[in-house]
Amino acid sequence: MISYLLLAVLLQGAGAPSPRALTPRDSAYHVLNRLAYGPRPGDLDSVARLGVMRWIDLQLDPRHIDNPFLAERERQFPFLGLSRDDLARLYLQAQRARQERLRADSMSRAATDAADQTPEALRARRIAGQFQELAVVRAVLSQRQLEEVMVDFWTNHFNVFFGKGADRFLTPSYIEATIRPNALGKFADLLIATAQSPAMLFYLDNAESVAPGSVPPQLARLQARTQFGLSPRRRIFLDPMGPMRADSLRQRALLRMPKGLNENYARELMELHTLGVDGGYTQQDVINVARIFTGWSLERPQQGAGFVFNDWAHDYGAKTVVGVTFPAGHGMDEGLRLLKLLASEHATMHHVSKQLCARFVADDPPDGCVDDAVAAWHRSGGDIREVLRAIFHGPDFWAPQNVDTKLKTPLEFVVSAVRAVGADPDTTPRLAQVVARLGEPLYQHVAPDGYPEREEDWVNSGALLARMNAAVALASGQLSGVTVNLDAVAPATADADQLIGAIDDKIFAGRLSPHTKQVIRDQVADVRDPEQARTLAIGLALGGPDFQRQ
Amino acid sequence: MTINRRVFVKSGGLALFSLGLDPLFLARAAYAAGRPSVRPSDRPTLVCLFQRGAVDGLNMIVPHGDGLYYRERPRIAVPAKDVVDLDGYFGLHPSLAALKPLWDNKSLAAVHAVGSPDATRSHFDAQDYMESGTPGVKATADGWLNRYCQHDREHENTPFRAVAFGPQLPRILAGSAPSLAIDDLQAFGLRAPQEAARDRLTRAFEALYEGSATGLLASSSQEGFEAMQMLKQMNPSQYQPANGAAYPRGRLGRSLLQIAQLIKADVGVQIAFADVTGWDTHVNQGASEGQLAARLKELGDGLAALAQDLGEKMRDVVVLTMSEFGRTIRENGNSGTDHGHATAMLALGGPVNGGKVLGAWPGLDPEKRFEGRDVAVTTDFRDLFAEILARHLGAADLAPVFPGYAPDAAKFVGVIRT
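Going line by line, the protein sequences match chains C and A. With this note's numbering applied, the first sequence corresponds to residues 165 to 714, in that order. With this note's numbering applied, the second sequence corresponds to residues 97 to 514, in that order.
Rather than coming from a laboratory, the hints here were simulated on the basis of the structure. A portion of the hints provided could be inaccurate.
Claimed, not checked - Here's a subset of chain A near chain C, in silico, CB distances under 10 Å, partners left out:
hint : residue
1    : P213
2    : L276
3    : I278
4    : Q282
5    : S431
6    : G451
Where is the CB? At the ideal position from N, CA and C, for every residue including glycine.
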């Protein structure tokens, strides 16, 4: 009996839904928390005035939302003007500079460090920092908030790891050209775009996957030369690199030579991107999907690292996937056919809809929410906007037990805090570094499942302390790279009630818990300096438990 | 609708209940509730050092008794005259000389030809597998050290049970059991210019979270504040290593010093983890001196300092080094080595069956090599990790720690004295 009581208490503690019905301003707060990265000063009133449902419709069709401020800010990120070719060239230059430095002197630790400090390496790091910061800046400044939320969602759903070799230069174009244009489009288009993206092909090793026994034409030529061509002595004589080096290069070429099927992409495509782990596919399906994608690869960085279909590497045999036959003799077209098939499988609709509901409604989404989303998916042929619309119109999205209960991810926490105090970030990578310190270094999730959505993945004692520190640093204007505007929240005053009233109203839509208000009141009570009082009150509010949830 | 019957058993200060059926926050709340007041100081501790970048096991634990080693590495082999001989066939790289006394007193062992059953030569994949403990399976969400913590609840009584030194929790400790990532002990906690301001902020946030936090926010914040309190009593900024131990400068030395500090403070550290980078020696790796030698010197001096500093405490400590794979037997055209397969790991500490190079040595003969070029794996890293968990930390059930694998005591190399 005791245990049930304890359980009930704990459960109640976890949810703590507010029993009262949502006012228009409460509703505005809820949609700004879930469809956007939290309210900026003034947003609550303007969304409530416009009408929450109308605001949602606007956000679902972002082409009609003007975004001049962000457009102007984006121009301060010069890497956006670089093509994949440019980035590939910079990457190769940085690699070459590093190797040269190491070859010249590798006797000391200092030399290794110096090799990481070449101008080329520094430039590459600067671009990487800018690229991460841009994601945060867009989330802070864009008027098309839902689009930014969905870009983050898909970036994790179709995760790639920035730190894996060529993905260091492939990831920016992956975000710009693959994810962003499709974030609110048709799921099938997005799926195909990711399947053909060099970043994904490299990340999940499909670029390496070839029909067993196939030999790339260059290597076939090389083999022919050694069999019928020059004598070994003459080769040494001709080879300016010397025999050891040439031998090593040949060995490396052989090593680099793809050896057969690689199932990584095939497996994750079904497990994570489409059907879901319980989606009813078998290991044989994984193998056959891998066979279908043999030859889907990318050019060498020197050629620009674009998508390429290698005829020679493709398995032209017949295959069966989830009971569907793919007849022999087909090339790249069967991969496209498979992606369209997977995109329209019921298991896919269910799996992706469930993840969307987990993002927008609750970590463990109610069945009704998922069912509504799946029905809209059917109706619209996988139009992401319609699936989202169904979720936002459903009763679960508005149910009191699902309001103010989802824990913010580090990105959501940092961006919502910056927005709450009307802050303006510059182009230095400071905010992205804060997000990283809180546990979510952007584009750096190693595993293909992307950053998680669940509370337990983000809450640990070290991370919480880091959130408190970040909140206090932001409120006191100590985060360089961010200009805060506390006046937009509250006037500087030592009047505790006035401060708490303004914070509660502007940042929390009047939903701040009585306990939090009381603690802040106690803390501010003996602070005479109005600036200090305001900084302390806002810092505690943003670092406190209420602001960790949305 | 069925409600699972949940039973909270309180025995000897432990809270046990059916893990896996309950929401995590309940589990963590129960951890917090069942915290015993006594912290036994003689609990076993495991310190793991991950050599990221794939260390060249052959130049770390050198098979100087094998002529093939010298033939394959004309420019980077460690000359026999420089090797610190161990058993007539293997020897330490001269940069690891500081570890020789530990070998002599039988608290240092090496395990050679250890690695992954997966053939990947990608750092990214191989590190991932070594940390998830599931070679070949990418979708594993948590790390094996965390899974151990999830399933062995006996020690779940302190925020310092599992600590990683670094800005983020490494994959090996990712998962539902609470673990702490600490960049720097001195900086852990709330930041404010003066101590008075810091104390005030701490009290304020503690009050906020005590009253308003729900779910995991409540238990985790409590752990955090408790850890801060414990650290404050430890006074990390005043720490002086014992027995004249001198840690090398740099990140590794600092991490090891802080690990020693935590172990000595009896705050209940069971697992400590740190990274050490710089092992990817494709170019000009060097032989007795050079790039790799410098990294090994830092490692050897750091481990020796840790052992010296911990003194008697080493009786209950095992330090294990690990690296995602080894490097090619043959040197490459740039006087370096490329990605290989098996490597060597070091185990150090009182419980270690020291003074031996353990594991079946496959030799360097071309026909014994993996894919014709690399040292073959004769010990699956999971068997090594499992042995340490079972025989040092006392893990009762290894099946959930290494899913899809049944660690077999018959395959243990005997790294822990029984």
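Report holds or violated for the interface hint on P213/A, using the least CB-CB distance to chain C and a cut-off of 10 Å.
-> violated (16 Å)
Mind checking the CB of S431/A against every CB in chain C and telling me if the closest is under 10 Å?
-> holds (8 Å)
Against chain C, run the beta carbon of G451/A and see if the smallest gap drops under 10 Å.
-> violated (31 Å)
Under 10 Å, Cβ to Cβ, is where I278/A needs to be relative to chain C, so tell me if that hint holds or is violated.
-> Given a least distance of 7 Å, the restraint on I278/A holds.
When the nearest CB of chain C is found for Q282/A, is that gap smaller than 10 Å?
-> violated (14 Å)
Would the hint on L276/A stand, with a C-beta cut-off of 10 Å toward chain C?
-> Because about 5 Å separates L276/A from the closest Cβ in chain C, which is inside the 10 Å limit, the hint holds.
The earlier numbered hints that this structure contradicts are 1, 4, 6.
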